[in-house]
Structures are given as C-alpha cells and as structure tokens.
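Protein sequence lines correspond, in order, to chains A and F. Under this note's numbering, residue 120 is the last one in the first sequence; the count climbs by one each step, no gaps. Under this note's numbering, residue 247 is the last one in the second sequence; the count climbs by one each step, no gaps.
Careful, some of the hints might be misleading.
If you want the ones that stay clear, here's a sample from chain A, every Cβ over 10 Å from chain F, calculated [unchecked claim]:
hint : residue
1    : S14
2    : D47
3    : L59
4    : L66
5    : E93
6    : R94
7    : V105
Rough simulated footprint, nothing fancy, chain A against chain F, three-plus residues with beta-carbon under 8 Å [said to hold, decoys possible]:
hint : segment
8    : 144-158
9    : 164-174
10   : 179-188
11   : 227-238
Example chain A residues on the side facing chain F (calculated, C-beta under 8 Å, incomplete) [as the list claims (entries may be wrong)]:
hint : residue
12   : W16
13   : W18
14   : V24
15   : L29
16   : L30
17   : A36
18   : G44
19   : A53
20   : L69
21   : V71
22   : V79
23   : V108
24   : V114
25   : W116
Hints were generated in silico from the structure; no laboratory data involved. We put the CB at the ideal spot given by N, CA and C, even for glycine.
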Amino acid sequence: MTENPFAEEPKPTSAWLWQVFTGVGLVILLGLHFIANHFVAKGGLRDFTEVVAYLRDPLILCLEVLFLLCVTTHALLGVRAIFLDFGPSELAERRLDQVLKVVGVLTVAYGLGVTWMVIR
Amino acid sequence: MHDYRKVSRASRWLDVRRRKLGMWAYALNRITGIALVVYLYLHLVVLSLLLRGPGAWDSFVALARSPFYLTLDVILLAGILIHGLNGLRIALTGFGIGVGAQKALFTILMIVSAIALWVAALKIFRI
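Make a model of the complete structure from these sequences and hints.
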C-alpha cells in the first residue's frame with residue numbers, strides 16, 4: 001500500500017468493476033430504500049401490515065430484490081478487498097473467494113426466503 | 121516477521137495520525153465499509169422478526185422510534201453518505217475522471233455529506 005492512496009489508481013480488475021457497478025446501483029437503490037422506508041413511511045417505519053402491502057407491490061419487490069443482490073455483492077467484494085490488504089497467498093485467496101461466494105449465496109437465499117414467507 | 125509486515129501493512133489505514141488527506145479518505149472508506157457490512161447483517165437478523173408476526177414486528181417498530189434508535193439511524197446515514205459519496209469519487213478516479221482534482225472532490229463531497237446529514241437528521245427527529 002502506498003503512503004498516499006490518492007497517488008495510486010485502482011487497477012480495473014473484474015472484482016473492482018463489479019464493486020463500482022454495484023456501488024453505483026446502491027447509490028440509487030439504497031437511496032430509494034431509505035426514502036421509502038424511513039422518510040415516506042408514516043412515523044418513519046412501516047408497521048407489519050404496511051410492510052406486507054409494500055412488499056406485495058411487484059415493482060417494489062423487484063427493486064428490493066435487486067437491492068439485496070447489489071448490497072450483498074458490494075459488501076462481500078469490500079470484505080474481499082480488505083482481506084487482500086493482508087497479502088494472502090494464492091491458495092488463501094482462492095479459499096477466501098469460495099467462502100465469500102457461499103456467504104453471498106446464503107445471504108441472498110435468506111433475504112429471499114424471509115421476503116417470500118412475509119408476502120405469501 | 122513476514123506475517124507481522126502483512127498485518128502492519130493492512131492496519132496502517134487504521135492509523136491516520138500525521139497522514140495526508142488521501143489516507144483519511146482511504147481509511148474512512150474502509151472503516152465505514154466494515155461498519156456497513158456489520159449493519160447489513162444486523163438488519164437482516166432484525167428483519168426475521170417479520171416471520172414472528174405483527175406482534176414482534178410492531179413492538180420493534182415502537183422501540184425503533186425512540187430517540188436512541190433515531191440517533192443510531194443518523195449515525196448509520198452518516199456512514200452511508202460518507203461511504204457512498206467517497207466511493208463515487210474512487211469510481212470516477214478509477215476510470216481516470218477528475219484524477220487531478222480528487223482532493224478537492226473529496227472535500228466537496230464530504231461537505232455535501234455533512235449538509236445532507238444535517239437535513240436528514242432534522243427530518244428523522246421530526247418524524
């Protein structure tokens with residue numbers, strides 16, 4: 001790592017590009033999520049009935065699922081970048097990638113499962 | 121010694137004393153990123169209350185409207201704004217846009233974050 005990160009441009013690896021694309025997506029989706037759930041909702045949060053009605057809207061459901069995919073990908077790629085700061089071996093990096101993929105799939109499956117059980 | 125160097129290299133971004141603005145930007149991005157990952161998983165755990173029905177969720181909602189939780193919301197929003205806007209700067213400079221002006225860009229974006237946070241905090245506490 002250099003003393004001044006401003007002096008070093010990030011290398012455009014596919015992981016970095018995914019981090020950027022999901023990050024840009026998050027600026028929009030997280031903005032919508034935060035505004036819809038905390039500023040538009042009466043009292044700052046939706047009660048149970050309102051949450052169910054909100055998630056049953058097909059457009060909202062698509063946006064929330066896209067948000068879940070983007071935030072999970074972005075978060076785990078960020079965790080990966082931090083681990084890479086420790087300079088792991090190639091084997092450790094491969095293992096890390098495998099673990100993060102499993103964590104990512106489980107996270108998305110959990111989110112989708114909770115959503116499905118709420119709206120069914 | 122080798123392992124110590126790796127740990128030392130990675131932990132340097134936690135120590136921003138006597139560092140330039142770029143190191144502050146880098147450290148802020150890492151620290152807010154870790155905090156937001158922790159929050160993401162806490163948030164997912166809290167959402168499981170929905171599976172316990174209206175009683176469990178509505179009790180949590182009542183609790184979340186307390187000043188303590190609203191303060192946590194403001195702290196969360198600060199992390200999101202700093203990480204999000206600083207991240208946009210990193211993305212732009214990564215594509216070669218505004219590389220020469222990135223210190224100014226960082227300063228401007230952090231001022232924008234502070235203003236947005238102030239407006240949002242007023243809105244959050246008025247709800």
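Against the structure, the hints:
{"no.": "1", "hint": "S14", "verdict": "holds (13 Å)"}
{"no.": "2", "hint": "D47", "verdict": "violated (5 Å)"}
{"no.": "3", "hint": "L59", "verdict": "holds (20 Å)"}
{"no.": "4", "hint": "L66", "verdict": "holds (15 Å)"}
{"no.": "5", "hint": "E93", "verdict": "holds (13 Å)"}
{"no.": "6", "hint": "R94", "verdict": "holds (17 Å)"}
{"no.": "7", "hint": "V105", "verdict": "holds (14 Å)"}
{"no.": "8", "hint": "144-158", "verdict": "holds (count 7)"}
{"no.": "9", "hint": "164-174", "verdict": "holds (count 7)"}
{"no.": "10", "hint": "179-188", "verdict": "holds (count 3)"}
{"no.": "11", "hint": "227-238", "verdict": "violated (count 0)"}
{"no.": "12", "hint": "W16", "verdict": "holds (7 Å)"}
{"no.": "13", "hint": "W18", "verdict": "violated (12 Å)"}
{"no.": "14", "hint": "V24", "verdict": "holds (7 Å)"}
{"no.": "15", "hint": "L29", "verdict": "violated (11 Å)"}
{"no.": "16", "hint": "L30", "verdict": "holds (7 Å)"}
{"no.": "17", "hint": "A36", "verdict": "violated (14 Å)"}
{"no.": "18", "hint": "G44", "verdict": "holds (4 Å)"}
{"no.": "19", "hint": "A53", "verdict": "violated (13 Å)"}
{"no.": "20", "hint": "L69", "verdict": "violated (13 Å)"}
{"no.": "21", "hint": "V71", "verdict": "holds (6 Å)"}
{"no.": "22", "hint": "V79", "verdict": "holds (6 Å)"}
{"no.": "23", "hint": "V108", "verdict": "violated (10 Å)"}
{"no.": "24", "hint": "V114", "verdict": "holds (6 Å)"}
{"no.": "25", "hint": "W116", "verdict": "violated (11 Å)"}
Violated hints for the displayed structure, listed by number in ascending order: 2, 11, 13, 15, 17, 19, 20, 23 and 25.
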